[in-house]
Amino acid sequence: MQIDLRTVAIKPLRNTFDHLVERFGDKPASRYQEGSYNIQQEHIFHYRPSWDADRVLFDKKRTKIQMKDWYALKDPRQFYYGAYTITRARQQEAAESSFDMIEERGLAELIPNEQKQIALDILLPLRHVEWGGNMGNAYISAYGYGTVMTQACLYHAMDHLGVAQYLTRIGLVLDGPDALDKAKDDWMSGALWQPMRRHVENLLVLDDWFEIFVAQNLVLEGLSYPLFYDHLDSEFSANGGTAISMMTRFMGEWAGETAKWIDAQIKVAAAESPENKALLSDWVKQYRAVTLDALTPLAKCALGDKAAGVLEDVLTEFNARCAKLGLAV
Amino acid sequence: MDMQATKKKLGLKEKYAHMTRGLDWETTYQPKEKVFPQATFEGIKVHDWDKWEDPFRLTMDAYWKYQAEKERKLYAVLDAFAQNNGHLGITDARYLSAVKLFLTGISPLEYMAHRGFAAAGRNFPGVGPRVACLMQSIDEVRHAQTQIHALSNYNKFYEGFHAGASHQIERLWYLSVPKSFFDDAFSAGPFEWMIAIGFSFEYVLTNLLFVPFMSGAAYNGDMATVTFGFSAQSDEARHMTLGLECIKFMLEQDPDNLPIVQKWIDKWAWRGIRVLSLVSTMMDYMLPKRVMSWKEAWEIYFEQNGGALFNDLAKYGIKVPDCIAQCTVDKEHQSHQLWLTLCTHSHAMGLHTWLPDAEEMDWLSAKYPNTFDKYYRPRFDELRERADKGERFFANTLPMLCQVCQIPMLFTEPDDPTKICYRESEFQGEKYHTCSDGCKHIFDDEPEKYIQAWLPVYQLYQGNCWPEGTDPTAEGFNPVAKYLEWCHIDAKDTGDYEGSSDQENFAAWRGVATQNV
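Respectively, the protein sequence lines represent chains U and Y. Its first residue numbered 7, the first sequence is counted upward by one per residue in this note's numbering. Its first residue numbered 6, the second sequence is counted upward by one per residue in this note's numbering.
Be aware that one or more of the hints could be misleading.
[As the list claims (entries may be wrong)] Covered by chain Y, per the in silico footprint, the following chain U stretches (three or more residues, Cβ under 8 Å):
{"id": "1", "stretch": "54-67"}
{"id": "2", "stretch": "90-103"}
{"id": "3", "stretch": "188-199"}
{"id": "4", "stretch": "219-231"}
{"id": "5", "stretch": "274-282"}
{"id": "6", "stretch": "302-312"}
{"id": "7", "stretch": "320-333"}
None of these hints come from the bench; they were simulated from the model. The beta-carbon is built from N, C-alpha and C at its ideal position, and this holds for glycine as well.
Produce the entire structure from the sequences given, and follow the hints as far as they go.
Structure (structure tokens):
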């Protein structure tokens, strides 16, 4: 039997704010809606930015992509700050227990040397790629348009910092601080890493924020995460490196979740107009080529003979994903 | 290769350094100037970014963990508040004018801070400040959202909230005061942003904003506001540390930075103090249950705390801003002059005002023995007499605004509290008016910037603030009524509290909640 506690019932005058009623009808709004829609100011700005005097503070022209309603780019995860941090805290707790177990039981010492070496050579320098991802998404958060996009990109930027820090911890577990120095040397001057570093640095000087979104979030992450946290991860597990897989658990989960958000952005933007679709498709083609060039030597180093086949699989999946999003790639 | 894992336990500082600073690198495929194009144009010289002391030392896993705990608690309280008609626990629905001012004047600034710190975070060549700024940026989006969520319940029951915060801050004349402040800071470079917001606003002036609001909420039974205030407090402590670190860093890096930083401190101290005028009215007039007077708050949080800070900064050559002498005069007058203006213009506002009653005026006399009875009580008495005769006075026109702070020209001369202070500057053949020596000085230093100000009253009279399709030649055309329509302000949102539907509903609902009727 259910018993409803009685409280004094006072009928509210209204369900929510006017702009949400206009968008979603006269009903109670979700916390995501209240915290995201029409939060960024849009129409009236006092001073031209000293760093971009041809535009206003929040300017739709900072990207070539155009939307009638920028709030169409909503986040299917409905992340406002509270939902975001609570989700990440839960995932972090699971990741933490993996690290604890590995450290308490000395599992890292059971990893075969060859696997450990691949992890040190490949996963560790990736922390710098993640830092590039942080900077790109911070840029979008600063100069992008519409709270639904800018808040999600800041969460994404912080996630990249988080992933970089998990990769750092892997280095510390496997080989201590020296491993990080070695990875940095590889990143700076090892031949294997130069195409990737050049690509990441080139992304740091783009000024169209949606272009950064495509190059970084769709293409670079879309190709590299399956390669490293799916295929390479399987190799680790299959060859006695389960402890490494345990330490990259966060990345695998995170990539799956965030891909849904990224897809939703691309799909809606592409469906908006033929111009958007063409531009997004061109960007994907352009950045897919350089990303593949940068990933190929890393795949060969990590996967040896299997590299070509794996890259082929990754590419096929990625192309199918893009096609599903309405892109011509 | 020897693959033995190193067993040495890392210290917190060392571990944090690996987790953040170790991630960055000096780019070689792209020049630093292209990666960080905003690092130099303000003239600040930085020789060694590694000298930056990281104020937070939080890694992301710890950040998520602590912040998620706070969020869980906060939303549990907000849910309970909504479920149990917490909105009836406040002292009086008059109090909600302060909350309306907070939601429309402050919450949008939190959002601007989120964007501004994201920009600063992307622009500093040093990894330490980049991470610290990003952490603050994400905290600020938290604050905007938790405030909206906490106050959304009031919107369901009371007038004045429904238009939404951004809609109002873009349009309402008194809200262009805080809006122009953040637009000003965000349109400057990243270093000035850090002095304007990180240091002046978050470090020097923040107590004058948040302590009165949150204590006011506690005194007046507003548990929703108290809860988000407490929940934000630990974030704010981090932000204050960042503000202090950034100024010390700039001053320690190069002696040439001192005059630039001093100029920004002078500017942003005065800009900030003008914005806080709105808070002074809240403390002295809008809280049914008062916490302390504005003058007392000023003396504690600015004169004592701020004074100690400036003593510390003296070793770098920083001087107390000249405008502070004016503040010593203003603290006696500011809230009264501004509230009188708000009372006589409340037909064009998104909140209610009221004339202080006898008990409240006695409180003001006691708190302001030098000025209240002499200059302000007689004016409130006269307004009260008129109101009692059914002729509550509202000004027929909207006030002239200061070109810099955008507050109506209502403050008085430093040496004569009966004479309105006007200052005039000429730029490119046009005359511009400011409300004080402080604002005139700011204008004269950057006239190209301040002539761009979007002054709502002037825009209204130029016909730019009416709904699309408005015909100003139509019979009986009322520009202010059309302006309010454009602001999405309804008749119920505005005017005197006496006789308002907020007053009526609150009384009726309280009756239902506390009596057997």
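Here is how each hint holds up against the structure:
1. A stretch counts as covered by a chain when three or more of its residues have a beta carbon under 8 Å from one of that chain; for the stretch 54-67 of chain U and chain Y the count is 6, and the coverage holds.
2. Only residues whose beta carbon comes within less than 8 Å of a beta carbon in chain Y count, and the stretch 90-103 of chain U has 9; three or more means the coverage holds.
3. Residue count for the stretch 188-199 of chain U with a Cβ under 8 Å from a Cβ of chain Y: 3. That meets the three needed, and the coverage hint holds.
4. Only residues whose beta carbon comes within less than 8 Å of a beta carbon in chain Y count, and the stretch 219-231 of chain U has 0; fewer than three means the coverage is violated.
5. For the stretch 274-282 of chain U, the assignment as covered by chain Y is violated, since 0 residues bring a beta-carbon within under 8 Å of that chain's beta-carbons and 3 are needed.
6. Against chain Y, the stretch 302-312 of chain U contributes 0 residues with a C-beta closer than 8 Å to a partner C-beta. That does not satisfy the three-residue criterion, and the hint is violated.
7. Counting residues of the stretch 320-333 of chain U whose CB lies closer than 8 Å to any CB of chain Y gives 0, so the stated coverage by that chain is violated, three being the minimum.
Taken one by one, the earlier hints fail for this structure at numbers 4, 5, 6 and 7, listed in ascending order.
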